[in-house]
Amino acid sequence: MELFNVSSIQLARRMIEEASLHKNVWKTFKDHLEGQESYTKIYLVTLLYTTKLEEGSLDVDGYVVKSMEAIWRRLNDVNLKLPQELVALMALMGLPSFFGTQRRILESRKDLPMEIIKRDMGQEALRLKAEQANKRKEEKSGVSTAQGL
2 MELFNVSSIQ LARRMIEEAS LHKNVWKTFK DHLEGQESYT KIYLVTLLYT
52 TKLEEGSLDV DGYVVKSMEA IWRRLNDVNL KLPQELVALM ALMGLPSFFG
102 TQRRILESRK DLPMEIIKRD MGQEALRLKA EQANKRKEEK SGVSTAQGL
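Its first residue numbered 2, the sequence shown is counted upward by one per residue in this note's numbering.
Don't read these hints as lab results, they were simulated from the structure. Glycine residues also receive a C-beta, built at the ideal position from the N, C-alpha and C atoms. Incorrect hints may have been included.
[Said to hold, decoys possible] 27 angstroms max Cα-Cα, derived DSSO-like pairs, lysine-lysine:
hint	residue 1	residue 2
1	Lys24	Lys82
2	Lys119	Lys141
3	Lys130	Lys141
4	Lys24	Lys53
5	Lys53	Lys28
6	Lys42	Lys119
7	Lys130	Lys67
8	Lys53	Lys111
9	Lys28	Lys42
[To be verified] The calculated label-pair distances, taken between Cβ atoms and stated as ranges, are:
hint	residue 1	residue 2	range
10	Gly123	Asn25	50 to 56 angstroms
11	Tyr44	Ser142	31 to 37 angstroms
12	Asp78	Lys130	43 to 49 angstroms
13	Tyr50	Ile106	18 to 24 angstroms
14	Glu132	Arg74	29 to 35 angstroms
15	Glu139	Ser58	47 to 53 angstroms
16	Ala131	Ile106	17 to 23 angstroms
17	Glu86	Ile43	18 to 24 angstroms
18	Tyr44	Lys141	26 to 32 angstroms
19	Tyr44	Gln85	29 to 35 angstroms
20	Asp62	Gly101	16 to 22 angstroms
21	Ala20	Lys42	52 to 58 angstroms
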């Protein structure tokens with residue numbers, strides 16, 4: 002009695018060929034992803050270094066939390082562990098010029114956790130918003146006073 006006939010041997014060969022093909026596909030996919038990981042690291046570090054809060058914008062919370070901290074978390078996800086203080090300094094570098102005084106105050110601190118930047122720069126943004134609102138209010142009242150003359 003024959004254990005294997007011609008069709009079962011052909012089936013076995015085809016299964017071995019397909020397994021080999023699948024293994025090659027997975028190897029190619031893995032190689033591609035490993036190559037992408039370094040691209041991702043370079044991309045994320047570049048993004049961290051070049052992300053800036055637009056001149057005139059006071060959305061410090063969005064900039065620090067949604068942009069800088071999100072990039073930092075993604076870097077951690079790809080096993081590139083940067084010190085939080087370095088990320089905090091990069092966040093300060095990306096602030097517009099009108100935050101200059103507050104930025105210099107923060108830069109002079111011995112330690113610089115991200116929470117301090119969020120808190121202090123958030124307060125500075127609120128102060129600047131109030132200042133802008135007062136300026137607009139004064140301009141409107143100045144215009145209406147001039148019109149009343």
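Output the numbers, in ascending order, of every earlier hint that fails for this structure. Hint check: 1, 2, 4, 5, 11, 12, 15, 18, 19 and 21 fail, others pass.
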